[in-house]
Amino acid sequence: MVTISKGGYGTVIEEEFRVYWEGSTLFSAGHQNARGGAAGKIISEPESNSKYILVNWLSAHLDAGEAFMPKNGEPSIFLLAPPKEDVKPEDFVALYSDGSCGISIHPGVWHTNPISLSGKEVVYQRKQGSIYATIDCFLTKEHNTWLKIPLGQPQDG
Numbered sequence: 356m357v358t359i360s361k362g363g364y365g366t367v368i369e370e371e372f373r374v375y376w377e378g379s380t381l382f383s384a385g386h387q388n389a390r391g392g393a394a395g396k397i398i399s400e401p402e403s404n405s406k407y408i409l410v411n412w413l414s415a416h417l418d419a420g421e422a423f424m425p426k427n428g429e430p431s432i433f434l435l436a437p438p439k440e441d442v443k444p445e446d447f448v449a450l451y452s453d454g455s456c457g458i459s460i461h462p463g464v465w466h467t468n469p470i471s472l473s474g475k476e477v478v479y480q481r482k483q484g485s486i487y488a489t490i491d492c493f494l495t496k497e498h499n500t501w502l503k504i505p506l507g508q509p510q511d512g
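Going by this note's numbering, the first residue of the sequence shown is number 356, and it counts up by one from there.
None of these hints come from the bench; they were simulated from the model.
Treat the hints loosely; a few may be bogus.
Pairs of lysine-lysine, DSS-like flavour, derived with a Cα cap of 30 Å [claimed, not checked]: (1) Lys-426 x Lys-475; (2) Lys-439 x Lys-482; (3) Lys-503 x Lys-482; (4) Lys-482 x Lys-426; (5) Lys-503 x Lys-439; (6) Lys-406 x Lys-503; (7) Lys-475 x Lys-406; (8) Lys-426 x Lys-406; (9) Lys-443 x Lys-406; (10) Lys-443 x Lys-496; (11) Lys-503 x Lys-475; (12) Lys-503 x Lys-426; (13) Lys-439 x Lys-496; (14) Lys-482 x Lys-443; (15) Lys-496 x Lys-406; (16) Lys-503 x Lys-443.
These figures come from a predicted structure and were not determined experimentally.
Please build the complete structure, drawing on both the sequences and the hints.
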């Protein structure tokens with residue numbers, strides 16, 4: 356169900372946002388402002404018994420914030436970088452959530468879709484203001500690289 360509220364500062368969309376895997380590729384669906392396409396691709400390294408996701412696409416909404424909360428407590432990774440005109444791969448941090456909390460993103464903050472650590476479809480409650488100014492960044496085009504994010508819970512160290 357999509358709830359649309361109009362206030363003094365514009366429209367707010369509240370809806371379910373779905374993230375799912377098809378093979379080794381992460382997709383999202385079921386949201387109003389979707390442009391579609393893959394959010395990332397999983398790569399396995401059997402020799403090191405590790406998995407990571409390669410991320411190419413990121414965006415920043417200059418005029419609206421956005422929030423994601425996992426509905427059923429599934430763990431996720433959120434990628435964020437500070438608002439700036441020329442974002443670079445080294446600007447990003449990967450934040451791990453055990454599923455007990457989500458994230459609220461301020462306008463202008465670079466981000467990607469939530470990265471589900473579950474092999475199944477994950478539903479997030481999403482809330483976002485109307486967006487009229489979104490900037491996309493494709494790292495392979497602009498920086499000839501991908502973000503490589505380890506999948507799994509961080510180890511205490």
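Taking the hints in turn, this is what the structure says about them:
no.: 1; hint: Lys-426 x Lys-475; result: holds (13 Å)
no.: 2; hint: Lys-439 x Lys-482; result: holds (23 Å)
no.: 3; hint: Lys-503 x Lys-482; result: holds (27 Å)
no.: 4; hint: Lys-482 x Lys-426; result: holds (13 Å)
no.: 5; hint: Lys-503 x Lys-439; result: holds (21 Å)
no.: 6; hint: Lys-406 x Lys-503; result: holds (10 Å)
no.: 7; hint: Lys-475 x Lys-406; result: holds (16 Å)
no.: 8; hint: Lys-426 x Lys-406; result: holds (25 Å)
no.: 9; hint: Lys-443 x Lys-406; result: holds (23 Å)
no.: 10; hint: Lys-443 x Lys-496; result: holds (12 Å)
no.: 11; hint: Lys-503 x Lys-475; result: holds (21 Å)
no.: 12; hint: Lys-503 x Lys-426; result: holds (26 Å)
no.: 13; hint: Lys-439 x Lys-496; result: holds (18 Å)
no.: 14; hint: Lys-482 x Lys-443; result: holds (27 Å)
no.: 15; hint: Lys-496 x Lys-406; result: holds (24 Å)
no.: 16; hint: Lys-503 x Lys-443; result: holds (13 Å)
Figure legend: structure checked against the earlier numbered hints; every hint is met.
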